[in-house]
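Visitor: In case you want the letters, here they are:
2 protein chains.
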Amino acid sequence: MELPKGFLFSGLNCGIKRYRKDLGIAYSIFDCVATGLFTTNTVKAAPILYNMNLLGENCTKIRAVVVNSKIANSCTGQQGLENAYRTAQKAAQVLRIDPRSVLLASTGIIGLQLPMDKIEAGIEEASKCLNEDPTPFAEAITTTDTFIKMASRKVEIDGKRVHILGIAKGSGMIHPNMATVLSFLFTDANISPSALKKALKDSVEKSYNMIDVDGDTSTNDMVLALANAQAGNGRIEEDSPEFSKFFESLHEINIELAKMIVKDGEGATKLIEVRVVHAPDELSARKIARSIVSSNLVKTAIHAQDPNWGRIVAAAGCSGVNFDLSRMDLHIGDGKNTITVLKHGLPCEFNEEEATTILSASEIFLTVDLNDGLHSATAWGCDLSEEYIKKNGRYKAWAKTL
Amino acid sequence: MELPKGFLFSGLNCGIKRYRKDLGIAYSIFDCVATGLFTTNTVKAAPILYNMNLLGENCTKIRAVVVNSKIANSCTGQQGLENAYRTAQKAAQVLRIDPRSVLLASTGIIGLQLPMDKIEAGIEEASKCLNEDPTPFAEAITTTDTFIKMASRKVEIDGKRVHILGIAKGSGMIHPNMATVLSFLFTDANISPSALKKALKDSVEKSYNMIDVDGDTSTNDMVLALANAQAGNGRIEEDSPEFSKFFESLHEINIELAKMIVKDGEGATKLIEVRVVHAPDELSARKIARSIVSSNLVKTAIHAQDPNWGRIVAAAGCSGVNFDLSRMDLHIGDGKNTITVLKHGLPCEFNEEEATTILSASEIFLTVDLNDGLHSATAWGCDLSEEYIKKNGRYKAWAKTL
Numbered sequence: 124m125e126l127p128k129g130f131l132f133s134g135l136n137c138g139i140k141r142y143r144k145d146l147g148i149a150y151s152i153f154d155c156v157a158t159g160l161f162t163t164n165t166v167k168a169a170p171i172l173y174n175m176n177l178l179g180e181n182c183t184k185i186r187a188v189v190v191n192s193k194i195a196n197s198c199t200g201q202q203g204l205e206n207a208y209r210t211a212q213k214a215a216q217v218l219r220i221d222p223r224s225v226l227l228a229s230t231g232i233i234g235l236q237l238p239m240d241k242i243e244a245g246i247e248e249a250s251k252c253l254n255e256d257p258t259p260f261a262e263a264i265t266t267t268d269t270f271i272k273m274a275s276r277k278v279e280i281d282g283k284r285v286h287i288l289g290i291a292k293g294s295g296m297i298h299p300n301m302a303t304v305l306s307f308l309f310t311d312a313n314i315s316p317s318a319l320k321k322a323l324k325d326s327v328e329k330s331y332n333m334i335d336v337d338g339d340t341s342t343n344d345m346v347l348a349l350a351n352a353q354a355g356n357g358r359i360e361e362d363s364p365e366f367s368k369f370f371e372s373l374h375e376i377n378i379e380l381a382k383m384i385v386k387d388g389e390g391a392t393k394l395i396e397v398r399v400v401h402a403p404d405e406l407s408a409r410k411i412a413r414s415i416v417s418s419n420l421v422k423t424a425i426h427a428q429d430p431n432w433g434r435i436v437a438a439a440g441c442s443g444v445n446f447d448l449s450r451m452d453l454h455i456g457d458g459k460n461t462i463t464v465l466k467h468g469l470p471c472e473f474n475e476e477e478a479t480t481i482l483s484a485s486e487i488f489l490t491v492d493l494n495d496g497l498h499s500a501t502a503w504g505c506d507l508s509e510e511y512i513k514k515n516g517r518y519k520a521w522a523k524t525l
Numbered sequence: 124m125e126l127p128k129g130f131l132f133s134g135l136n137c138g139i140k141r142y143r144k145d146l147g148i149a150y151s152i153f154d155c156v157a158t159g160l161f162t163t164n165t166v167k168a169a170p171i172l173y174n175m176n177l178l179g180e181n182c183t184k185i186r187a188v189v190v191n192s193k194i195a196n197s198c199t200g201q202q203g204l205e206n207a208y209r210t211a212q213k214a215a216q217v218l219r220i221d222p223r224s225v226l227l228a229s230t231g232i233i234g235l236q237l238p239m240d241k242i243e244a245g246i247e248e249a250s251k252c253l254n255e256d257p258t259p260f261a262e263a264i265t266t267t268d269t270f271i272k273m274a275s276r277k278v279e280i281d282g283k284r285v286h287i288l289g290i291a292k293g294s295g296m297i298h299p300n301m302a303t304v305l306s307f308l309f310t311d312a313n314i315s316p317s318a319l320k321k322a323l324k325d326s327v328e329k330s331y332n333m334i335d336v337d338g339d340t341s342t343n344d345m346v347l348a349l350a351n352a353q354a355g356n357g358r359i360e361e362d363s364p365e366f367s368k369f370f371e372s373l374h375e376i377n378i379e380l381a382k383m384i385v386k387d388g389e390g391a392t393k394l395i396e397v398r399v400v401h402a403p404d405e406l407s408a409r410k411i412a413r414s415i416v417s418s419n420l421v422k423t424a425i426h427a428q429d430p431n432w433g434r435i436v437a438a439a440g441c442s443g444v445n446f447d448l449s450r451m452d453l454h455i456g457d458g459k460n461t462i463t464v465l466k467h468g469l470p471c472e473f474n475e476e477e478a479t480t481i482l483s484a485s486e487i488f489l490t491v492d493l494n495d496g497l498h499s500a501t502a503w504g505c506d507l508s509e510e511y512i513k514k515n516g517r518y519k520a521w522a523k524t525l
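Respectively, the protein sequence lines represent chains L and H.
Numbering of the first sequence is given in the working numbering, commencing with residue 124 and proceeding in unit increments.
Numbering of the second sequence is given in the working numbering, commencing with residue 124 and proceeding in unit increments.
Incorrect hints may appear among the rest.
What the hints assert, rightly or not - Partial list, computed: chain L residues near chain H (C-beta under 7 Å):
id	residue
1	G200
2	Q201
3	T342
4	V436
5	C441
6	D447
7	E472
8	F473
Since the hints were made in silico from the structure, they are not lab data.
Yeah, the Cβ is synthetic: ideal placement off N, Cα and C, and Gly gets one too.
Produce the complete structure using the sequences and hints provided.
Guide: So, in structure tokens, the structure goes:
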């Protein structure tokens with residue numbers, strides 16, 4: 124993995140969890156252009172409010188991100204905001220940077236205050252072991268995740284090698300108060316704030332915003348991008364020809380991480396990719412794809428390897444998009460073989476055995492062809508299994524083992 | 124059960140299912156004022172399209188409703204519409220009424236054509252055994268239901284005794300292509316078409332539209348109301364003082380049936396009632412209540428008897444309503460005892476053991492107090508259990524046993 128220049132990382136256990144890493148710092152030796160996208164939940168955790176405020180004032184001189192897991196610092200009132208402020212202060216002090224250059228993230232249980240003594244001691248210790256390996260940071264942000272989620276790309280821009288690194292966490296999503304989508308993107312690209320913002324926004328729309336594990340939006344969801352310009356390329360602007368190169372690499376990372384999050388969905392045994400093609404517009408395609416991938420009924424049918432296409436059509440119809448059923452085709456595949464179950468809105472004969480074989484694969488591809496335009500969209504989800512419910516029943520026992 | 128005058132019912136097995144009843148007729152000796160509310164799914168089954176068209180032309184001379192279960196007549200194209208037409212023709216012929224006075228409903232598997240020979244023979248037979256007992260009709264419309272759903276009220280209007288009977292089906296909702304919300308209301312009230320329409324619409328908004336089993340809307344959902352004026356009361360108009368009396372009785376029936384549907388949700392072990400109070404407007408209250416009751420995370424937490432109130436707050440925040448968290452209180456009860464878990468947006472100390480005892484009840488009451496107005500709304504749902512997933516895995520085996 125080739126890493127962006129000028130970023131250092133650390134992660135350790137500061138005592139919020141019993142054994143596993145629970146505190147991470149990402150630090151840039153140089154000022155970063157930064158941008159963020161935050162949860163649309165009306166209830167926003169303290170670090171979300173803190174970052175939204177901070178990035179409104181300063182989006183060009185960001186130096187660090189401090190993250191803790193197990194406690195979300197959400198529904199914590201004024202005390203929670205003060206604790207966020209103190210966390211940034213402490214990091215600034217030990218890293219010798221401006222407090223207003225430190226971004227924050229938390230994930231975990233809603234309604235508990237951060238143990239500030241542990242956090243502050245942890246920041247002090249973490250600041251001493253910063254190094255180029257991002258793995259401990261990736262570990263420190265996990266909650267119910269069963270594997271860490273990192274992806275990177277390099278791309279030549281303006282004759283210079285530009286690197287982008289993404290680190291995310293899922294989405295044992297059944298515990299939204301124990302788990303949240305967090306994603307951090309670090310790049311040595313030289314890019315303007317508005318170009319970085321546009322790249323992140325456009326990409327998130329088609330990656331994290333197109334995945335579903337169980338339909339809820341956490342109070343702590345956040346995607347941050349930091350760019351420190353150390354690659355030495357000419358500055359990328361929104362309208363510069365190099366923008367699309369940067370965007371494509373960033374987007375590949377986000378898609379890769381988004382799919383990892385879905386694969387690690389609690390109890391998930393299958394990745395479901397829903398592609399809506401030949402739609403009259405992109406928004407319609409996106410709505411239909413999301414509606415299908417979010418349907419409990421589709422999720423459970425696919426879990427049971429049941430080619431129950433009626434549920435897919437019904438879920439498409441629930442999207443609120445007014446499509447013409449008499450044009451719709453529907454295909455189900457496993458990446459190698461595909462069967463057509465609906466043609467122009469009417470059922471097709473298909474071999475039940477072949478269908479069951481396809482649905483026994485670990486990645487299932489549903490293609491909805493509206494035959495009504497040039498636009499398309501893709502969404503990703505996972506199946507819904509008994510394990511999902513079981514894990515949830517063990518929630519309290521699990522939280523104690525951390 | 125006192126029944127509305129002038130209505131006759133029958134239900135039998137016509138051979139669509141192997142053993143159980145699958146065809147029902149409700150017949151009024153006199154012309155009925157009728158109104159209906161139909162699925163908002165973009166994909167609408169043939170009987171839905173048929174009824175919408177018919178009630179557009181004739182809403183004062185309705186005489187019968189013919190229902191079949193196991194096959195939904197959905198995604199069946201032109202042939203499906205022709206079969207709907209033939210069903211109405213056959214019923215009209217044997218009942219000696221106008222074909223344009225017959226309403227239709229189907230529920231079951233999507234994508235199969237109705238076996239018209241069986242349907243037509245069944246209608247002929249069913250017409251011969253019409254009588255006052257609505258039970259066989261209630262049985263004939265069930266699919267995955269574990270019990271039949273009927274409720275009735277009598278109310279004195281204008282010195283006359285008016286009767287209303289409601290018959291509904293769930294909502295083994297995990298099979299939206301095997302199950303659908305159908306509800307039929309029969310009354311001997313004398314009421315104008317517009318008053319009946321208004322009563323039904325207002326009531327459905329606060330009953331069937333406030334329940335959730337697993338979030339999807341069937342292609343066949345339908346509520347019909349038929350009123351034959353045999354009670355002899357002076358005609359109820361929208362603005363007449365008797366309207367609210369009629370409405371209240373109708374609404375009580377709908378609430379009762381809606382709760383029965385939820386209790387019979389597949390794999391459900393608990394009824395969850397969510398009440399949002401002191402909201403600035405009713406729509407906001409309704410959105411928050413629905414968002415909470417539809418959340419997989421809330422459903423699974425309650426199934427696991429986990430007083431995980433963070434999920435309830437997060438689900439409220441997902442509703443799209445912009446409320447002030449710092450005013451919100453949250454109470455959890457079992458109908459006898461109640462604990463307060465959140466006060467003015469901040470967590471309260473509560474006894475974990477007491478919480479677990481409350482959550483072990485079969486009916487759970489969540490009250491969200493926004494402390495920000497005079498409006499309220501109630502929604503009903505069920506928990507999400509492993510049984511839900513298991514039953515789904517047995518879907519094919521189950522369909523064959525019918």
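Visitor: Next step is simple, just say for each hint if it's right about the structure.
Guide: Hint check:
1. Against a cut-off of 7 Å between C-beta atoms, the interface hint on L/G200 holds, since the closest Cβ of chain H lies about 5 Å away.
2. Hint status for L/Q201: violated, given a least beta-carbon distance of 9 Å to chain H, over 7 Å.
3. Below 7 Å, beta-carbon pairs count as interface contacts, and L/T342 has one with chain H at about 5 Å; its hint therefore holds.
4. For L/V436, the shortest C-beta to C-beta distance to chain H is roughly 6 Å, which falls under 7 Å, so the interface hint holds.
5. Taken as an interface hint, L/C441 checks out: its beta carbon lies about 5 Å from the nearest beta carbon of chain H, inside 7 Å.
6. Of the supplied interface hints, the one on L/D447 is violated, with its beta-carbon coming no nearer than about 9 Å to a beta-carbon of chain H, more than 7 Å.
7. The closest approach between the C-beta of L/E472 and any C-beta of chain H is roughly 11 Å, which is over the 7 Å cut-off, so the hint fails.
8. A least Cβ separation of about 11 Å between L/F473 and chain H goes past the 7 Å threshold, and the interface hint is therefore violated.
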